[in-house]
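Here's the letter readout for the chains.
There are 2 protein chains.
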Amino acid sequence: MEENLSLFYGLSFLTAAIAFAFALYLYLWVKKEKVQNARIDEIAGLIKEGANTFIRREYRILAKFAAVFAAIILILLPEPIWQGSIVPNISMVLAYIAGTVLSAIAGKIGILVATLSNGRTAESAEKSLKDAFLVGFRGGAVMGLLVVGCSLLGVAAVLMLTGDTTILLGFSFGASSLALFAKAGGGIFTKTADVAADLTGKVELGIPEDDPRNPAVIADNVGDNVGDVAGMGADLFDSNVAAAASALVIAQSLSGQGLDTISMVFCYSILGLLSSVIGIATARVGGHGNPTRALNSSTYVTTAIFLVLTAIATAFFPGFSWRIWGASSVGLLVGVIIGITTDYFTDDTRPIVRKVAHASASGPAFTILSGTAYGFISALPAMIGIAISALFAYKLCEPIGPGFAIFGIAMAAVGMLSIVGMIISNDAYGPIVDNARGLAEMGGLGEETIRIADELDSAGNTVKAVTKGFSIGAAGLTVISLLGAFMSEVNAALAAAGKPLVEGFDIMSPTVFFGIMIGAAVPAVFSAMLILGVDRNAQRMVAEIHRQFNTIAGLREGKAQPEYGKCIDIAASGALRELIPAGLMAILMTLAVGFIGGPESIGGFLLGNIVSGLLLALFMSNSGGLWDNSKKYVEAGAEGGKGSEAHKAAVIGDTVGDPYKDTAGPSINTQITVVSLVSSLAASLFVAFSIF
Amino acid sequence: MEENLSLFYGLSFLTAAIAFAFALYLYLWVKKEKVQNARIDEIAGLIKEGANTFIRREYRILAKFAAVFAAIILILLPEPIWQGSIVPNISMVLAYIAGTVLSAIAGKIGILVATLSNGRTAESAEKSLKDAFLVGFRGGAVMGLLVVGCSLLGVAAVLMLTGDTTILLGFSFGASSLALFAKAGGGIFTKTADVAADLTGKVELGIPEDDPRNPAVIADNVGDNVGDVAGMGADLFDSNVAAAASALVIAQSLSGQGLDTISMVFCYSILGLLSSVIGIATARVGGHGNPTRALNSSTYVTTAIFLVLTAIATAFFPGFSWRIWGASSVGLLVGVIIGITTDYFTDDTRPIVRKVAHASASGPAFTILSGTAYGFISALPAMIGIAISALFAYKLCEPIGPGFAIFGIAMAAVGMLSIVGMIISNDAYGPIVDNARGLAEMGGLGEETIRIADELDSAGNTVKAVTKGFSIGAAGLTVISLLGAFMSEVNAALAAAGKPLVEGFDIMSPTVFFGIMIGAAVPAVFSAMLILGVDRNAQRMVAEIHRQFNTIAGLREGKAQPEYGKCIDIAASGALRELIPAGLMAILMTLAVGFIGGPESIGGFLLGNIVSGLLLALFMSNSGGLWDNSKKYVEAGAEGGKGSEAHKAAVIGDTVGDPYKDTAGPSINTQITVVSLVSSLAASLFVAFSIF
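Chains as they are written, first to last, in the working numbering: chain A, 1 to 692; chain B, 1 to 692.
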């Protein structure tokens, strides 16, 4: 029943080409806008240069890291070289490198276009909100299209060339390695700069947020780009590849059972990308003039198109199944619902943000306590949503035959991630318009223009909460299917070793329980290390800012330029230095548990890691967003407005929330994926060498 | 091989009688100290009266709650009455009521003695530190002895009279119901009063901590007693009964397999109590004059005596096994190790507390971020400790025969809880000397006396961190064995219904996974509800304090008495009102998951609940203790000392930590036990009536 596979390989390449061509068109469209204001041109240039500095450093360190991993893979994976041929190991290494390189290219170009779009968006805001929206959105959409295009291209090429889904896990691991650097490293970078700029600028010197005298101000703007464009893009590239790879691992194990499962994965991925292309092409601020509605409605349009197109494909191809279509649709719908509930907890037109703002009037301790409490509560609907969609997908696909139930869950993840092109576009829009707002102010573009930029920026913040909830939900379903992929890998290794197969992971087994307990602690320790890393790095940058103000004559009066580059250097090198121990801790814990307790313990480890990781990621992202918007709500005049005690308390809440929502919370996704892939890749080693 | 069982019933009653007689002796010994200072006598009287008010109210509400549960049990448990005889249901109801009543009596007498000892400790401090230590410690030991005596008496009596270990779960559920009220209700009470007293007294009015003009000051002192004496006592009564009950449920299922398992559970419990009696009787401040060392060394003495006595018993009785002795010893040792690592994160002579104090110099956001991060990291050693002890106990006992592995884990929990009499004594010592310190100041007892009281108080704080870590670890192992008990119950119900038995709970099964996800979210939501409850209740009390200062003439000048009783009323009624929704949420979620997904989902639910509950409980208890001690460290002169910016930040950290460490964190234990017992009790209903 795999007669259509070569058709779908071809279509995958064609669709990726369409996405790239459309991205090129958008790039040229954005580029033809001219930047006339010299000041904006200068500062936008500094931001661009800073972002490139970070990316260059990141990729340089990543290259060393990847070289070490490539060597390890070459020797050990998929089988130790002394146990068989070296050919699959070479394929695995090449796939691993391809995974890092494709993600890196998407990130690099995405940053290029984003830093090209910010100044242009600011200037377009002088014409109208509609124009400016389009520049900002299309600038972000380049990243969205590149990420999904590269993902589809890479997955199809690796599978077509090797025919081996295990090699695909190597590709996916490459994507994850990069995501770990881009998301967690970018997260530390952005918050280092943000916190240091606020501490010295607003608190010590009493100068406004985007004041060009502050040496950290450019680093802060760079941070938005490296965190939200490159970081979020790499994170979703990683999720997207992992979802496809794990679905394909399971699909391959089901081949010959009457359904064209592999083709189905490709077909749905292709249709997801096409739907995103249509959604992006039609996105416009309508007559209502509301950019938030424009972003949300193009997401809904993409969702609807995907559901219709996949239904048509399912009806058309004989090897496709309606049950699997149902699983994938449930995944997508639950993703949208998680986004909406996230919005409930973080939108200032809803009661929760207002309650936290009100609690701030009693002092910062109450800001923290109430935000923490609502953050914990906010995790519940998403946890239930993920649980129900997994249960539903499983039960729906169980009647097809043995093994199809877990394939249903994998397809729910593929469904949820189908509209990821649209999601990344929305997310990358955020830092572009945020930068544009700063540039409009620094370039002195006038009140009306700044008001328009403000409105665009505020839409970016609102939509960000939704996309974050979505990306965590997607990671949740993806890692469940990675757990299925892990079991496939373990059983392949056990079968090869002539040992009895694993039927499942029983929580009453002490080796499984052992893994669960440690797996659950890892995301907590990982996020703690990142938070402490931001803290330490911010202290370094504060010292540098003090040095500049003390040694550069005329800086305080605005007569001399600060050395922006020094701050960018500190943020970049510190971010990567702080990130590595956290990443290694997660990987080494996985290996320690695997070599102590064997595959059973790793099954437990992954489960504990997924469950506590999702809980903490949801808690941190949502409470951070909640504090941010509470502060903005107070600044808009509630509870005494700017300068009140409530405002001071709300600012403290926001500072606590910054590394929660932009560093630790979203990096947990990547940590989970990295750990899952390490486990699947090392499955045969755990089978061969564990103590228990 | 159960020839010795009637011997051990007899010895259980005898040992309980010894414990009660010793407690009576200590009570009379404390009582013969005279209180001469009229002011101390008066204030101590107010504290006593306030504590009684809370206990009375709590027990009144609990009586209603228990009546509802008793009615439900009568109709439904262990089997719905329409399916069989009503006799076991009546036994179950009586056991349930006995569980609540015995715990209530222990709590009531414990509070009585604690509130009798505080003033006497203050006055003894005029003689010497050695004398004062002994009064404080022996006052607390009454609670320790009563709790363990009542637990042993109750478990032995219920099992001897009914011969049915399922009825024992009813007794355990009674203990848990009370613990939920005492621990979570007491936790809300104590933090309501603490936070409100600080907010109005220290912050608004600028009067010192224990100033008698503050209407909340008595409520604050009452809170220490209801939280740490009654609450902690009920919590450990609950854990102790649950550990014994689950070990006995499993032991009964192993009867006839060659070992005298039931006798072994009783024998170890008896020897644990005797060891605690010896440890308590010999506790004294030695030549070094250090009360912390006195408390810790009597814990180590108790541990050593227990290990020796149980070794002798294991050698002597032919139906006992060295492997099980090993499991129980590992449990105890891991408990001690968890206590020591907790100490590392919360002791101000160690680096962590100092780092958080140093971070406070950069502002409150850094106090919160660093405390949160170290709190998360601190959970790791305890999680690993629990995981390893469970793995070790299992592997050690697996060779004995089928079913013995899980019995090993249950005996590790029994071993860890064997020295609980000593632990509770140390814990109840805390509020007594804390109160004594306040009374010494209010009674004007002179500098040297206050210095001695301070030293005693500081020892109480240090030891508290250790006992908290210990109690969380004990709860962790207990609930794992409760999971085993749950499976026994499910299989009994399945066998009765003629359905295939459950072999385990596979995490790859979507019904199990569904349960895990929701179970993991419940402790987060439960603790969030308690934190919000403290917040709301503190707001009410602040309003009352404002009212008193505005309407009572002369209060501000110290010429009129405040209405202390009003504040106690608000704390008490508010605490119970805020607690009930949180408790019901946990119970209703359990029932919802059980009736949707059946026993499989509940297995997952319990696992998710245990793992995320332990993680959050450790995080909250430790970060709270860390902030508390960082504040004290700054107050002792570090980072600028009292009044500095670092101090203000550290106070904010402490206020956030208060409900973490004294309300939400320790209540999670109880939530886990309640949920586990509800599951075991309702197992047959889930088997009969679930959707999936």
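Please keep in mind that the hints were generated in silico from the structure rather than gathered at the bench. Misleading hints may appear alongside valid ones.
Given that identical chains are not distinguished, each listed pair holds provided it fits within a single copy or across any two copies.
Here are the simulated lysine-lysine pairs, DSS-like style, with alpha carbons at most 30 angstroms apart [unchecked claim]:
#1 K202 with K355
#2 K130 with K31
#3 K648 with K355
#4 K566 with K355
#5 K48 with K108
#6 K108 with K642
#7 K566 with K395
Computed from a predicted structure; not experimentally measured.
Consistency of the hints with the structure:
1. K202 with K355: Classified as both; 25 angstroms inside a copy, 25 angstroms across copies.
2. K130 with K31: Within one copy only: 17 angstroms inside a chain, 82 angstroms across chains, cut-off 30 angstroms.
3. K648 with K355: Intra 16 angstroms, inter 24 angstroms, cutoff 30 angstroms: intra and inter.
4. K566 with K355: This pair counts as between: shortest inter-copy Cα distance 27 angstroms, intra-copy 41 angstroms.
5. K48 with K108: within (11 angstroms within a copy, 69 angstroms between copies)
6. K108 with K642: The answer is neither: 38 angstroms in one copy and 51 angstroms across copies each exceed 30 angstroms.
7. K566 with K395: Close neither inside one copy (57 angstroms) nor across copies (57 angstroms); limit 30 angstroms.
Hint compliance for this structure: hints 6 and 7 are not met, and every other hint is.
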